[in-house]
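A.B. asks: Using the hints, position chains S and P against chain L.
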Amino acid sequence: MNIVEVEHLKVWDTNTGKVIIHNSSFEVKQGSCMAIVGESGSGKSVTCRAIMRLNKPWIRQSGTMLFQGEDLNQLSEPEMRRKRGKHLCMILQNGMSAFDPSCVIGVHIRETLQQHFGWNTRVIEQKIIHAMESVMLRHPREILNQYPHQLSGGMLQRIMIALALVLEPDLIIADEPTTALDTISQYEVVEQLIQLRERMGCSMMFISHDLGVVQKIADDVMVMKDGEIVERGSMHSVLTEPKHAYTQYLVSTRLELSNHFKALMQGES
Amino acid sequence: MGSYIVKRILLTIPLLIIISFITFVLINLSPLDPAVVVLQAQEVPQITDELIAQTNEALGFDQPFMIQYANWIMAVLQLDFGNSYVSGEPVWSLMGPAFMNTLKLTLVSSVFIIALSILLGVICAMREGKLLDRSVRGISFFLTAMPSYWLAAIMIWYFSVKLDLLPTSGMDSYRSYILPVIVITVSYTGIYFRTVRSSMLSNMNEDYVLYARASGLSEKKVTLHILKNSLQVAVSIFCMAIPIVLGSTVVIENVFAWPGLGRLSVKSILSRDFPIIQAYVLMLAVTFVLFNTLSDIINAAMNPRLRKEF
Amino acid sequence: MRILKNLSKDKLAMTSLVVIIVMIIAGIFAPLIAPHDPGQVNMKLRYASSSWDYLLGNDHLGRCVLSRLIYGIRPSVLWVLVALSLSVLIGAIVGFIAGYFKGKVDAWIMRVCDIMLSFPGYVMTLAVVGILGAGLENILIAFVWMKWAWFARVIRTSVMQFSDMDYVKFAKASGTPNLRIITKHIVPVTFADIAVIASGSMCSMMLQISGLSFLGLGIQAPHAEWGMMLNEAREVMFSRPELMLAPGLAIVVVVSAFNFLSDALQVALDPKLMTSQGKSDKSYESEVRKPAYEYSRG
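Protein chains in written order, with the working numbering: chain L, 61 to 329; chain S, 1385 to 1694; chain P, 2 to 299.
Looking at chain L on its own, in the form it has when it is part of the complex (with noise of 0.2 Å):
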């Protein structure tokens, strides 16, 4: 069963010209974890924007997107606003940008909340505090107080896994949320997406430029450039046995590097 089935989707700029994505087909399987990897500008975040219809307003895409059986190209935007947020959750890059820089991030969370399920501030208070403890977020009730610029990305980061936790979407959008951050909070964040799908079973798609944290959590990857897919498959064959040279050129050059670093560790033991 698919969750997501893409066919034919064509985002272009309507200011340009220019196409961004020619021609994607793809599926994302019920409960997986499908990685989208690909250098800057070859059309990722594109892609997962077209799917929750959150482009710029001079970008236009066709094709169909089905998700649970939907067409969400057919939508009208009330319907599909309804989808964001409670069906399909997205988790932005650079969390220090992702919250209002004026308010305190409790107001977002409320509102957030308060629009998809009507609760009290009391309930939501409960529920995210909740959420917020089971990512390792401590003094939950202190940062729900504090303004977006004096937390760290990484904090920033779990925050918005937690709202997820809250939401329970069937499918998560993860737009490179490991690129802003070092490598102790990477391998955080990474483990508390993990931990995020095998209690929630929810889906998700991961865009990221790193091979390292893919291979961690993702089942299927999809390699993109200049727009096109140009391999897809399970994540252990597309990594032992790349058919397309892009995606050997990628393998090769993550190999070099952990190679090294393997070989200096061993070295020292």
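Read the hints as simulated data drawn from the structure, not as lab findings. Here the structure is a predicted model, which is why all the values come from computation and not from measurement. Glycine included, every Cβ here is placed at the ideal spot set by N, Cα and C. Mixed in with the good hints, there may be bad ones.
[Claimed, not checked] Label-pair restraints from in silico Cβ distances:
1) L/Asn180 <-> S/Lys1612: 18 to 28 Å
2) L/Gln134 <-> P/Ile22: 48 to 58 Å
3) L/Thr243 <-> P/Asp115: 35 to 45 Å
C.D. replies: Frame of chain L; chains S and P shown alone:
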């Protein structure tokens, strides 16, 4: 927050002292001997040397510089700006009512400027690129290129002369406010609405808007967030608008014969009436500094990041 | 030169540039272009409407309006440009020193600028005119005195932005003398920002100077200047309103031209500068990647 306010206010004190000093020095930069200026202003037919010496002694110009400054400052703090060279009346009795008249005109105009700028800025940002946006921007270009007195003259000619609807000059009833306020509003709204518009546009492209939409928030809530952030920038700019309009009404007041500071200052400049010029500069500079401080405080209140400056 | 190419795509900006250049040339060569002597009084022709000989008619003293308009370009536009350039030059020198050397030098210079900037510009101009007396030179002196601090501040921000860039640090590290770094690396890039600000301030300066002339504080009779022509026309505004048209329109046209130019410069320079930094990075990246990618196959 409280400590920020206190520190900010404390900073203005040395600034005010320096400003008062510069204002005082300014007058003494005149190439002419101050006594000569006084006598000329009073239109004394023959200026002899002993007359100059007498005047110098009478007005205290022969004393050392710092003592003159000290005396002047002490007097100013009690609102005694000296006497006019021309009429001999105390400066404050001339300036006080004039200041009030100008202030009334400024405040009324400022309200309209702020309201119209925000309205136009928000609407144009939301309809960016469309016909409404482009026509408003095009029209505002030309309106701000027009000298305000030219616009004023055209309006007087049309509304007062041809249609005989509104008074041409003076400050009689609320009707005499209409034309000057329109001219001032038109001149300044064109500039300020662009600030609001670009602030809104840059906020509309921010990540937090994307995340808010991705979380499923209604468009109304998202727009409120955008507005809140955009207007923050605008508030401090609008705060500075008031003293700027206050100082720039000079020309408008002359065209409409409004009995305010503008008219008074031009008259004093033409007759070299230094005490009035001095008082005018000091009052407006102090107003400027005070509003600057206020705008910084408001900015810090709305944007917590700025409080870290100290 | 890339700037000019980008600008040429914007028709409005090119028109404005042409208008401005024509005005400047007309002002410089006024004696050759003006049909009549601007100061020639001819009481028989008072308030005459336009005729073939006097294309824009005559004013209250019978002088040719068109000639006065052309001669008026000199004080209204050319001298303002000179004052602006002087102000920008002083501001630029101060701004460069402050922004490049930072530290204590920067702190002191900024203090001075802050004090200068806490005086409302118009008010100070009036004060200076009041002290020194009316006249065009005094107004221009007042303007240069007021505006340099603002330019210094803006240029300093721009310089600080650029002197933090890697290529400057590299030049410093390799021992290039400071003056050379400033002139060769920083001046060309900040020139863009300076051009935008300068053309923008030209508008307000022109309007303010014509305003002061309108009040009688500027250039004195019988010289021609657009603001003063409007002052003279205002006396007879109710009987002969048409005299206000020509100089007023002239001001509107030139100020609008500078306005459009400034806006177009900003659009042409800012996103292009920013994305060309980014774009050139990316194209460089893909060019390096391509050969490596080809090699990895074999």
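A.B. asks: It remains to establish, for every hint, whether it holds in the given structure.
C.D. replies: So, going through the hints one by one against the coordinates:
no. : hint                               : verdict
1   : L/Asn180 <-> S/Lys1612: 18 to 28 Å : holds (24 Å)
2   : L/Gln134 <-> P/Ile22: 48 to 58 Å   : holds (56 Å)
3   : L/Thr243 <-> P/Asp115: 35 to 45 Å  : holds (44 Å)
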